[in-house]
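Undergrad: Read off the chains here:
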Amino acid sequence: MGMEETNKPIEILLVEDNPGDVRLTTEAFKDGKVHNNLNVVGDGVEALAFLRREGKYSNAVRPDLVLLDLNLPRKDGRQVLEEIKADPKLRRIPVVILTTSQAEEDILKAYNYNANCYINKPIGFDEFMKVVQSIENFWLTIVKLPTE
Amino acid sequence: MKENQAKGLPQGEDNPAVPRIGFFIESLAHAYHLPLFTGIYDAAKEQGAQLIIFAGGGVDATADYESQGNLIYDFVDKNNVDGIIVFASITELAKDLNYFKHYHPLPLVTVSWELEETHCITVDNEQGMRDLLAHLINVHGYKRLAFIRGTEGVPDAESRYNIYVKTLAEYGIPFDPNLVVQGYFGIRESAAAGIRILLDERKVEFDAVVAANDVLAVGALGELQARGILVPNDVALVGYDDQYWAKSILPSLTTVRQPAYKIGKQAVEVVLALVRSEKPPSRISYPNEMVVRHSCGCLSQAVLKARLDPPLTTETLASGMLAKREAIIAEINEILSTEVTPTTPEWSGQLFDALVLEIKNESPRKFLLTLNYIMDQLAIIEHNVMIWQEVISCLRRYAIPCIEDDSELFRVENLLQQGRVLIAEVAQRIQTSQSARTDRQAYILGKVSEVIQTTFDLDKLTRVVVEEFPKLGITSCYLSLYEKEANPPEWSRLIMAYDESGLIDVGETGIRFSTRKLIPEDLLAKDKQYALVVEPLYFREEQLGLAIFNVDPKQHQVYESLRILLSSAIKGAGLVKELIKKESELEQRAESLIRSNAELEQFAYVASHDLQEPLRMVASYLQLLERRYKGKLDSNADEFIGFAVDGAVRMQNLINDLLAYSRVSTRGKPFEPVDCSAVIDRARANLKIIMTEAGAKVTNGTLPTLIADPSQLLQLFQNLIANAIKFHSDKTPKVHIAAERQPDGWQFSVQDNGIGLDMQHAERIFQIFQRLHSKGEYTGTGIGLAVCKRIVERHNGRIWVVSEPGKGATFYFTIRTEGGDQNGHGGNE
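Keeping their order, the protein sequence lines are chains A and B.
Read in order, the letters of the first sequence correspond to residues 160 to 307 in this note's numbering.
Read in order, the letters of the second sequence correspond to residues 584 to 1412 in this note's numbering.
I should point out that these hints are in silico values taken from the structure, not numbers from a laboratory.
Glycine included, C-beta positions come from ideal geometry on N, C-alpha and C.
It is possible that some hints are incorrect.
Claimed, not checked - Some chain A residues judged to face chain B by a derived CB distance under 10 Å, without partners named:
{"id": "1", "residue": "215"}
{"id": "2", "residue": "249"}
{"id": "3", "residue": "263"}
{"id": "4", "residue": "280"}
{"id": "5", "residue": "281"}
{"id": "6", "residue": "282"}
Please model the entire structure based on the sequences and the hints provided.
TA: Below, the structure written as structure tokens:
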């Protein structure tokens, strides 16, 4: 899925319950260089349903990248991560943990569950912009990912 | 009750069925008081009165905590007694005896001491003392009589001395002050010292020593004997009081006897007369009697009385005896009245008649059988039967002169001799059984004290009391504890009680009752005769409660022992209970500490996550606002947004610092060996940027390896070094780290050549968010040194600074290597 080849937008799944962060991320990606499509779900159960195309998500696209918050209603982000990485069909999708938690045990746990990277939500939009740009730059431009 | 009705007294609660007599005595344990106590006990029994003994110690007692027992005297009032007998031995000072006046208008009888407005039964000291001195002067022809005085200021001591002076004058013997020495009642050694003064200092000669009481006489005897001076051959010796042991010492002591038993009985009669609103004489005085024994040089009186006058008459034996029947019986009764013996008045007549019948051959063996019967009666109550030897002597004195022929003489002598043997046998038997009982009592008491002293539980203690006390002859016992330490404690709780009919149910929490009732109402029959002793339970200054026992003169010495035992056991149980309570409180506190620690961790979590969330929103959207609308708003708006964003960023830093601070203890790692040099190297590496910026030089001396939390130690050094560089002066920053061995660990120093600080701020800089400088001068939240302090404290050390403005600062901290928190607090999330 080379970015350069087609104009097909990059599909991103944002798992985030805070509308403020959702909007902030949306705005940041809007300002981004890469043509992308941001799909948003508000909790862990929805996230897994989206990924597995269950229920109302039967027509959902397979995301190229998951941005996952850790503290989520209904199903915790840590468990969502665990299930994604345990699922043979989903485990190759890169999962970027985007959270406020600076707790070392959260960081350790996330990598133990094979998170692809762990990023602290920075304070201020400028910093946030830098983070989003870095994600775009690295995960969506530099990194070579399997097609399916 | 009948008597009350007869006198027409109003009937009511204050007029109990049976009159109740309160008897105040410091302790029942002293054998010296036994005759008086027995007299009161016997009289109360004969008169059907209830006797409640308050053994509350001496009112002016200075010994240990004895006066603590006085509290029970405060409980005495018309609710529990109808009349009071106070034995003056309870105090040695007349002014303290006045204390008892406040029981007015309750009938009050004082024994052996005169007190205004009360009825008194006193002893005429004079007669006995005068007889004693006259005996030494007249019978023995002694003129130089040394005198050992009693305690100064005590009336008995003064009066005995005055009689001595007066009697010498009466006999025309010059008074020689060199023959008088000072002694102290109750202190033997004071008399021995007196003898030494007489013989060694004053070098006076004397024929006899008159001691103001028996104890002093024994003291003098010891000193005389030690010097090889024989009593009575070289020097005669007399005492006063006729203590129970006076007849048993060698030589037996010539002394003066107080008719204590008679006085006791008389006291009961007087107080009961007062209760019945009669008017008994307010002053009754008993003369003291001289008791002549061996220490003055005489043969004992018993020996003297066995002597016979030659026959004066030729009347036949039986008729001669019968002619003097009344006189002989009167004499026998007189002999018997001197002893503590509740004799039946008919006995003397019965014995006399039996002897006459036997002499007449009308009833063989009648005399011995009658004597045997009397002996048996006395043996049961264990009274001293030896006085009956004197009765035999009396009978013999009258019988022998009437005897005409030898065969009759032989028969009568034989009969009387058999009587003497019988009496001696019974006396022996009583003594054996007494000593056997004393042994048994001592054994049981020993066992009971062992059990009680190892019982630290009140429930178990009461069970022990119920099981063991009856073995000591205590047939009823009431144990109560005061409710509060009020003075006097108005309320008590009966925690254990038993009587002749068995254990009394006091329920789970005991029976609450007004302390003045002594025993909860209805537990004691109002119409029954009984004798109880109230023993105060106290431990040093602490008042605990009351122990009440039924009392029997035969075991007069156990009650005080039990009081002491129970007091310490109850106090012990209380202490153990308190300890258990404290322990559980401590446990609770530990639990709540754990809880609050958990809450603190929860707070840290909240601070790190939830608190940052809204903050991030504020900052982010402000910046988004700025980004999207820059130039579209005016320049003020841009500046405002700038301040707002800066504030949000700083607040987040504060939150992060707070979190770091709380994590020192909540997220510490286990302790392990750490090489401090390696730690400094890492710190240097981490601080490379600021070191380069400031051109700082960080050096260190030889540093040890110690047991610590490695990441915290790094943080500690890093913070201190960074701090040292940050507050540099215009000189090139130099930081030197050194370590010094201490007895229980290491002391580190981090020295710089920076701006230094005023020592008045030396404490403040280690407090969280305390800054000495404005934000404009130096950046930072002021967390660095606070974190250092927490890390050092977690390693059982302390941190401080020594500095002077402009002369650099040296930070010191210690790390304890022994007894420290070797395990550390592991991160437990």
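Undergrad: Determine for every hint whether it applies to the structure shown.
TA: Evaluation of the provided hints:
1. Interface restraint check for residue 215/A: the shortest CB-CB distance to chain B comes to about 28 Å, outside 10 Å, so the restraint is violated.
2. Interface hint at residue 249/A: violated, since its Cβ lies 27 Å from the closest Cβ of chain B, which is beyond the 10 Å cut-off.
3. A least Cβ separation of about 8 Å between residue 263/A and chain B falls short of the 10 Å threshold, and the interface hint therefore holds.
4. For residue 280/A, the interface hint holds, since its Cβ comes within 10 Å of a Cβ in chain B; the closest pair sits about 6 Å apart.
5. With its C-beta approaching chain B no nearer than about 8 Å, residue 281/A sits inside the 10 Å limit, and its interface hint holds.
6. The interface hint given for residue 282/A is met, as the beta carbon of that residue sits about 5 Å from the closest beta carbon of chain B, less than 10 Å.
The structure is inconsistent with the numbered hints 1 and 2, although it conforms to all the rest.
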